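Heads up: the protein sequence lines correspond to chains V and Z, in order.
Residue numbers are given in the working numbering: position 386 of the first sequence equals residue 386, and the series is strictly consecutive.
Residue numbers are given in the working numbering: position 373 of the second sequence equals residue 373, and the series is strictly consecutive.
Among the hints, erroneous ones may be present.
Pairwise CB distance ranges (calculated) [stated by the list, open to error]:
no. : chain 1 : residue 1 : chain 2 : residue 2 : range
1   : V       : Arg-362   : Z       : Asp-132   : 17 to 23 Å
2   : Z       : Gly-43    : V       : Ala-334   : 38 to 44 Å
3   : Z       : Ala-326   : V       : Pro-251   : 55 to 61 Å
4   : V       : Arg-308   : Z       : Ser-380   : 41 to 47 Å
5   : V       : Arg-83    : Z       : Arg-366   : 56 to 62 Å
6   : Z       : Gly-86    : V       : Ala-327   : 51 to 57 Å
7   : V       : Asp-317   : Z       : Gly-134   : 52 to 58 Å
8   : V       : Arg-366   : Z       : Asp-154   : 56 to 62 Å
9   : V       : Ala-327   : Z       : Asp-340   : 31 to 37 Å
Residues of chain V clear of chain Z, computed beta-carbon distances all greater than 10 Å [unchecked claim]:
no. : residue
10  : Gly-43
11  : Ala-112
12  : Ala-131
13  : Leu-160
14  : Val-162
15  : Arg-197
16  : Val-215
17  : Glu-249
In case anyone wonders, no lab produced these hints; they're calculated from the structure.
Quantities reported herein were computed from a predicted structural model and do not represent experimental measurements.
We put the beta carbon where it would ideally sit given N, CA and C, even for glycine.
Protein chains: 2
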Amino acid sequence: MRIVVLGGDGFLGWPTALHLSAAGHEVAIADSGIRRAYDAELGTTSLVPIRGFAERAQIWEAVSGRHLHTFEGDLCDPGFVARVVGGWAPDTVVHFAEQRSAPYSMIDRAHAVHTQVNNVVGTLNVLYAIADAGRPVHLVKLGTMGEYGTPDIDIEEGWLDVTHNGRTDRVLYPKRPGSFYHLSKVHDSHNVEFACRIWGLAATDLNQGVVYGAVTDETARDQRLATRFDYDQVFGTVLNRMVVQAVLEEPLTVYGSGGQVRGMLDIRDTVACVRLAAEHPAQAGEYRVFNQFTEQWGVRDLAERVARLAPVEIKIDELDNPRVEAASHYYRAAHTKLLDLGLVPHLLGDETILGLLRLVGRHRERIDRSVIHPTVDWRSTRNAIRLDGPTADLPGGDLRHVGPRPR
Amino acid sequence: MRIVVLGGDGFLGWPTALHLSAAGHEVAIADSGIRRAYDAELGTTSLVPIRGFAERAQIWEAVSGRHLHTFEGDLCDPGFVARVVGGWAPDTVVHFAEQRSAPYSMIDRAHAVHTQVNNVVGTLNVLYAIADAGRPVHLVKLGTMGEYGTPDIDIEEGWLDVTHNGRTDRVLYPKRPGSFYHLSKVHDSHNVEFACRIWGLAATDLNQGVVYGAVTDETARDQRLATRFDYDQVFGTVLNRMVVQAVLEEPLTVYGSGGQVRGMLDIRDTVACVRLAAEHPAQAGEYRVFNQFTEQWGVRDLAERVARLAPVEIKIDELDNPRVEAASHYYRAAHTKLLDLGLVPHLLGDETILGLLRLVGRHRERIDRSVIHPTVDWRSTRNAIRLDGPTADLPGGDLRHVGPRPR
Numbered sequence: 001m002r003i004v005v006l007g008g009d010g011f012l013g014w015p016t017a018l019h020l021s022a023a024g025h026e027v028a029i030a031d032s033g034i035r036r037a038y039d040a041e042l043g044t045t046s047l048v049p050i051r052g053f054a055e056r057a058q059i060w061e062a063v064s065g066r067h068l069h070t071f072e073g074d075l076c077d078p079g080f081v082a083r084v085v086g087g088w089a090p091d092t093v094v095h096f097a098e099q100r101s102a103p104y105s106m107i108d109r110a111h112a113v114h115t116q117v118n119n120v121v122g123t124l125n126v127l128y129a130i131a132d133a134g135r136p137v138h139l140v141k142l143g144t145m146g147e148y149g150t151p152d153i154d155i156e157e158g159w160l161d162v163t164h165n166g167r168t169d170r171v172l173y174p175k176r177p178g179s180f181y182h183l184s185k186v187h188d189s190h191n192v193e194f195a196c197r198i199w200g201l202a203a204t205d206l207n208q209g210v211v212y213g214a215v216t217d218e219t220a221r222d223q224r225l226a227t228r229f230d231y232d233q234v235f236g237t238v239l240n241r242m243v244v245q246a247v248l249e250e251p252l253t254v255y256g257s258g259g260q261v262r263g264m265l266d267i268r269d270t271v272a273c274v275r276l277a278a279e280h281p282a283q284a285g286e287y288r289v290f291n292q293f294t295e296q297w298g299v300r301d302l303a304e305r306v307a308r309l310a311p312v313e314i315k316i317d318e319l320d321n322p323r324v325e326a327a328s329h330y331y332r333a334a335h336t337k338l339l340d341l342g343l344v345p346h347l348l349g350d351e352t353i354l355g356l357l358r359l360v361g362r363h364r365e366r367i368d369r370s371v372i373h374p375t376v377d378w379r380s381t382r383n384a385i386r387l388d389g390p391t392a393d394l395p396g397g398d399l400r401h402v403g404p405r406p407r
Numbered sequence: 001m002r003i004v005v006l007g008g009d010g011f012l013g014w015p016t017a018l019h020l021s022a023a024g025h026e027v028a029i030a031d032s033g034i035r036r037a038y039d040a041e042l043g044t045t046s047l048v049p050i051r052g053f054a055e056r057a058q059i060w061e062a063v064s065g066r067h068l069h070t071f072e073g074d075l076c077d078p079g080f081v082a083r084v085v086g087g088w089a090p091d092t093v094v095h096f097a098e099q100r101s102a103p104y105s106m107i108d109r110a111h112a113v114h115t116q117v118n119n120v121v122g123t124l125n126v127l128y129a130i131a132d133a134g135r136p137v138h139l140v141k142l143g144t145m146g147e148y149g150t151p152d153i154d155i156e157e158g159w160l161d162v163t164h165n166g167r168t169d170r171v172l173y174p175k176r177p178g179s180f181y182h183l184s185k186v187h188d189s190h191n192v193e194f195a196c197r198i199w200g201l202a203a204t205d206l207n208q209g210v211v212y213g214a215v216t217d218e219t220a221r222d223q224r225l226a227t228r229f230d231y232d233q234v235f236g237t238v239l240n241r242m243v244v245q246a247v248l249e250e251p252l253t254v255y256g257s258g259g260q261v262r263g264m265l266d267i268r269d270t271v272a273c274v275r276l277a278a279e280h281p282a283q284a285g286e287y288r289v290f291n292q293f294t295e296q297w298g299v300r301d302l303a304e305r306v307a308r309l310a311p312v313e314i315k316i317d318e319l320d321n322p323r324v325e326a327a328s329h330y331y332r333a334a335h336t337k338l339l340d341l342g343l344v345p346h347l348l349g350d351e352t353i354l355g356l357l358r359l360v361g362r363h364r365e366r367i368d369r370s371v372i373h374p375t376v377d378w379r380s381t382r383n384a385i386r387l388d389g390p391t392a393d394l395p396g397g398d399l400r401h402v403g404p405r406p407r
């Protein structure tokens with residue numbers, strides 16, 4: 001298959017592209033570089049050093065003998081999307097290319113607007129480009145388990161059979177997301193479902209859980225192929241961030257009592273899930289949703305797991321929760337469709353956590369302690385976060401200064 | 001109460017502002033003039049002549065003795081929103097200020113993007129301005145019955161009690177809208193519900209049906225206070241458009257067999273509903289939804305009703321449906337909450353249709369036959385609609401040319 005990975009320079013887009021390439025597909029990566037621009041804005045950097053966009057594509061070519069096409073541009077630019085989707089003629093478009101941090105979207109108004117515009121407009125442009133492609137193109141779109149929130153009923157995979165007043169219909173599963181970022185993914189889901197309905201597009205929406213881990217079979221082949229590792233309050237994810245705290249021999253922090261339960265998965269399963277979805281495409285007109293996680297974990301349980309494996313004794317601190325979310329709640333989410341396609345999960349074993357402790361330990365000198373503590377408060381509309389660069393310099397979709405044009 | 005009507009120059013925003021002013025409230029209207037810019041773009045104009053934004057506010061003042069504040073600006077400009085919401089300090093923000101045409105949003109990619117960005121960003125800016133106001137401000141937001149689509153179960157007012165696998169939760173009613181415009185309102189609904197949840201905002205979402213009629217008690221006081229009357233394929237609504245066809249002695253047109261059923265209401269009920277919602281505000285933290293319509297009508301039944309009252313014999317033509325929607329379907333939607341607040345509906349009587357026939361007859365010379373026939377096809381991504389002006393000149397939120405900024 002010809003597969004383009006949008007957002008192919010990101011934490012997951014990059015290893016997914018390598019995995020698809022290693023599996024024998026002809027792969028292109030497209031990226032605007034915006035994730036690196038967020039680093040410049042926030043004064044952060046990947047814990048694990050990463051090479052430049054084009055450079056590491058060449059390294060992959062040298063290591064694997066397989067070519068990786070590169071497109072540098074922004075999905076908010078419809079001409080760029082047309083060149084990639086119309087011009088390069090992929091069979092499958094894997095779409096990771098969104099602002100993916102909930103705290104980033106909650107910094108202030110400008111970051112909320114940037115997140116929703118960047119994500120919604122990029123996806124609309126992709127939908128139009130696929131509709132205009134003149135041949136079947138399967139969209140594999142990254143959503144998030146956070147779209148569902150934490151309802152008091154079982155979470156199904158995207159759709160729900162509802163019986164009400166004696167009648168039954170199959171409806172999109174009701175959403176109650178927890179940040180302007182998660183909302184942007186809900187908006188996308190509705191837009192994508194509509195495009196399937198009116199234009200006969202084929203789409204798979206992967207509602208992914210929280211990813212942990214740092215290394216895949218492909219990135220392990222050369223250290224210059226490493227993907228980024230984020231541990232800061234804005235882009236870091238929970239397990240990876242706790243490992244950094246453990247290496248620093250500092251208390252592991254949970255929000256509130258840590259009773260939040262989330263679906264989680266190993267980065268090696270992310271790349272496998274995307275491949276399985278691509279290799280088993282949706283039908284024309286079908287909008288299908290897979291819940292992409294392998295295990296449910298309570299946040300405190302995770303912290304205790306990391307603490308047990310840490311080289312020194314470490315305690316767990318409860319922070320005032322900067323987010324507005326249930327401290328403890330019912331949580332039971334279906335996740336069988338990817339297993340049915342053949343996913344063999346890497347469940348969270350001690351070896352994975354120990355491997356992360358070793359990896360972070362090797363880069364210990366690069367840790368910036370000042371970016372870990374959460375300062376983005378959901379209840380505030382203007383969070384005082386250190387910004388090293390101006391938001392307005394970000395490519396694509398920043399609307400702080402959009403107003404009436406002179407007529 | 002101090003009430004600002006955003007979109008106060010539009011078809012419904014203008015008569016709502018007058019109605020609130022006549023009821024004794026201190027009213028301001030805010031508008032960017034974008035609806036008049038759409039006219040320039042599409043080469044259309046209101047059938048009933050309308051006065052300029054500031055001019056008719058002054059006429060109202062002369063006629064009623066009540067002042068109407070005016071703010072000219074765009075909700076995509078956060079500074080403007082802060083001046084209106086923070087500066088003028090309303091108790092209630094009535095938000096009509098969105099691109100409101102489904103066909104407009106389906107013309108092509110640029111119009112879809114414009115619609116979603118304009119509506120979503122404008123509403124986000126309003127939410128942030130209210131959160132920053134430092135005092136309670138009730139948001140009364142215009143949604144649409146089209147957010148629900150036509151599910152095979154009863155439609156409730158915004159929320160639904162779902163029992164699933166033996167457990168029950170109250171969830172946002174699942175949405176399945178039928179255009180990128182309707183989707184923009186779904187996106188808004190999710191964003192507004194979230195703002196209520198995290199910031200304690202009080203919001204009423206009015207999911208309005210299809211409005212017919214042209215005159216309210218207040219606009220009737222002076223012909224210079226008339227609100228706009230649209231009959232073109234893009235901004236015209238079904239009953240008003242059929243009346244224009246009847247006056248032209250041309251066949252009334254329905255899409256397919258005309259079996260579509262929609263909630264509908266008289267323009268006099270629109271203004272009353274908004275007043276009732278404003279005068280009975282939501283609680284802090286409450287996101288409530290009222291389904292704002294008074295009767296369900298099948299489109300063919302409406303056409304037969306108009307045909308029966310037309311001065312000459314007129315037939316009903318079935319057009320290929322340019323939209324992707326069910327030709328006939330179950331439809332039963334709750335609409336009791338506004339009745340509970342005291343709404344006394346103007347049901348669709350012969351007098352209303354005869355009054356519309358007389359009104360349109362008086363302006364018969366102004367009818368442009370070329371703008372009635374539907375040419376915006378949901379299945380096409382590039383509709384050949386006559387555009388007299390460029391989309392890019394529209395104020396606020398057009399993203400055709402947004403791409404990476406030079407760095």
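Here's how the hints hold up against the structure:
1. Arg-362/V - Asp-132/Z: 17 to 23 Å: 45 Å, violated
2. Gly-43/Z - Ala-334/V: 38 to 44 Å: 52 Å, violated
3. Ala-326/Z - Pro-251/V: 55 to 61 Å: 57 Å, holds
4. Arg-308/V - Ser-380/Z: 41 to 47 Å: 60 Å, violated
5. Arg-83/V - Arg-366/Z: 56 to 62 Å: 46 Å, violated
6. Gly-86/Z - Ala-327/V: 51 to 57 Å: This hint is violated: roughly 33 Å between Cβ atoms.
7. Asp-317/V - Gly-134/Z: 52 to 58 Å: Taking Cβ atoms as reference, Asp-317/V and Gly-134/Z lie about 33 Å apart, which means the hint is violated.
8. Arg-366/V - Asp-154/Z: 56 to 62 Å: 58 Å, holds
9. Ala-327/V - Asp-340/Z: 31 to 37 Å: This hint holds: roughly 35 Å between Cβ atoms.
10. Gly-43: Non-interface label stands for Gly-43/V: nearest chain Z Cβ at 17 Å, farther than 10 Å.
11. Ala-112: 6 Å, violated
12. Ala-131: 5 Å, violated
13. Leu-160: 7 Å, violated
14. Val-162: 6 Å, violated
15. Arg-197: Nearest chain Z Cβ is 6 Å from Arg-197/V, so the label is violated.
16. Val-215: 31 Å, holds
17. Glu-249: 35 Å, holds
In summary, the numbered hints that this structure violates are 1, 2, 4, 5, 6, 7, 11, 12, 13, 14 and 15.
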